[in-house]
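Work out the full structure: start from the sequences and follow the hints.
Okay, here's what each chain looks like letter by letter:
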Amino acid sequence: MRLNFNIEGGDFTKAGSASSQVKKTLKQINVSPTIIKRVVVALYEAEVNIVAHAFRGNISVDIEPEQVHVQLTDEGPGIPDIDRAMQKGFSTASPKVREMGFGAGMGLSNIRDNVDTFKITSEVNKGTTLDMTVLISDNQ
Amino acid sequence: MTVRELVQNLNFRVFCGEANMEKEISGGYTSDLLSDVMGHAEAGNVWITLQTHKNVAAIASLKDLAAIILVKDFMPDDDMLAKAQEDDIPVLGTGEQTFDVSGKVFNSLRVI
Ligand SMILES: Nc1ncnc2c1ncn2[C@@H]1O[C@H](COP(=O)(O)OP(=O)(O)OP(=O)(O)O)[C@@H](O)[C@H]1O
Ligand SMILES: [Mg+2]
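Here the protein sequences come in this chain order: D and G.
Its first residue numbered 1, the first sequence is counted upward by one per residue in the working numbering.
Its first residue numbered 1001, the second sequence is counted upward by one per residue in the working numbering.
Please note that a few of the clues may not be correct.
Taking beta-carbon pairs under 8 Å as the criterion, some of the chain G residues facing chain D (in silico) [as the list claims (entries may be wrong)]: (1) Asp1032; (2) Met1038; (3) Gly1039; (4) Ala1058; (5) Asp1079; (6) Leu1081.
So these bits of chain D aren't anywhere near chain G, every CB distance computed over 12 Å [unchecked claim]: (7) Glu8; (8) Gln71; (9) Thr73; (10) Phe118.
Some chain D residues close to chain G (C-beta under 7 Å, calculated; not the full set) [said to hold, decoys possible]: (11) Gly9; (12) Gly10; (13) Thr13; (14) Ala15; (15) Val41; (16) Phe102.
Just so you know, these hints were derived from the structure itself, not from any lab.
Ideal Cβ positions, reconstructed from N, Cα and C, are used throughout, including at glycine.
Rendered as structure tokens:
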């Protein structure tokens, strides 16, 4: 099963709606709560990163019996130094975004902590692609 | 302890979610940083914060939190309230500041 979502940069009122839809779908097909929790945290952070840092983006979620694979691509400023961006506490969020409580620089580490595979590629002034997988193991 | 018992104990104001207050509280999390809560709050926690926008309700719902407690007489924005109502998340309020609220909630949860 594949779910697709379009994300508008800057539109915080819709942030989290893709995550919420994916959570519902995973629940309906009886994926274990532990797996759902991990997918939700990673997807939410990645979704909000597009809203907070990019212009627009697309999310595609592939739900298979043995894994959930998510790809997010965006058009935006890109990430000049990915290692630095991955560090807890590093953030380029605007003052307005920080006022809302975003911009702690914890989103990417939350993603890394919750997924089984994680790959981020980015081109400055073009955009960013994030690929991640959460495995659904037999004993879950 | 359920959300309803906590509300009665500590005299919290109830902005919404009256119908979903029988949930057992698993603990609490105090933070105004959304990705901190997203990464570290546990299902069934009450979330103590001064943030009042829609994303707060969205996170509480995604994380299956038991309730949101707004401190210092902060009021939920209209779209936060609407989202919390839609997803049946109790939004509570108090005039007290974060340290005091956290301490009182902590002690209440410890008693039972
Ligand atoms: N899709 C993206 N496009 C451009 N820059 C990004 C993107 N995602 C992350 N970044 C950059 O990486 C930094 C760190 O991201 P991370 O999600 O860890 O923290 P944050 O979004 O700044 O704050 P938080 O997630 O804690 O609210 C961002 O501040 C930004 O500079
Ligand atoms: Mg982020």
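Here is how each hint holds up against the structure:
1. Interface restraint check for G/Asp1032: the shortest CB-CB distance to chain D comes to about 5 Å, inside 8 Å, so the restraint holds.
2. At a threshold of 8 Å, the smallest CB-CB gap from G/Met1038 to chain D is about 6 Å, leaving the interface hint in force.
3. Nearest Cβ of chain D to the Cβ of G/Gly1039: about 4 Å, under the 8 Å cut. The hint holds.
4. Below 8 Å, beta-carbon pairs count as interface contacts, and G/Ala1058 has one with chain D at about 4 Å; its hint therefore holds.
5. About 6 Å separates the beta-carbon of G/Asp1079 from the nearest beta-carbon of chain D, less than 8 Å, and the hint is met.
6. About 13 Å separates the beta-carbon of G/Leu1081 from the nearest beta-carbon of chain D, more than 8 Å, and the hint is not met.
7. At the 12 Å boundary, the C-beta of D/Glu8 stays outside the reach of chain G, the nearest C-beta of that chain being 15 Å off.
8. For D/Gln71, the shortest C-beta to C-beta distance to chain G comes to about 20 Å, beyond the 12 Å cut-off, and the non-interface label holds.
9. D/Thr73, annotated as away from the interface, keeps every beta carbon of chain G farther than 12 Å; the closest lies near 21 Å.
10. Remark: the non-interface label on D/Phe118 is consistent with the geometry, its nearest Cβ contact in chain G lying 15 Å away (cut-off 12 Å).
11. Nearest Cβ of chain G to the Cβ of D/Gly9: about 15 Å, over the 7 Å cut. The hint is violated.
12. For D/Gly10, the suggested interface contact is broken, since its CB lies about 13 Å from the closest CB of chain G, more than 7 Å.
13. At its closest, the beta carbon of D/Thr13 sits 6 Å from a beta carbon of chain G; the interface hint therefore holds under the 7 Å criterion.
14. Below 7 Å, beta-carbon pairs count as interface contacts, and D/Ala15 has one with chain G at about 6 Å; its hint therefore holds.
15. Among the interface hints, the one on D/Val41 holds; its C-beta lies about 6 Å from the nearest C-beta in chain G, closer than the 7 Å criterion.
16. Taking 7 Å as the C-beta contact cut-off toward chain G, the hint placing D/Phe102 at the interface holds, the least distance being around 6 Å.
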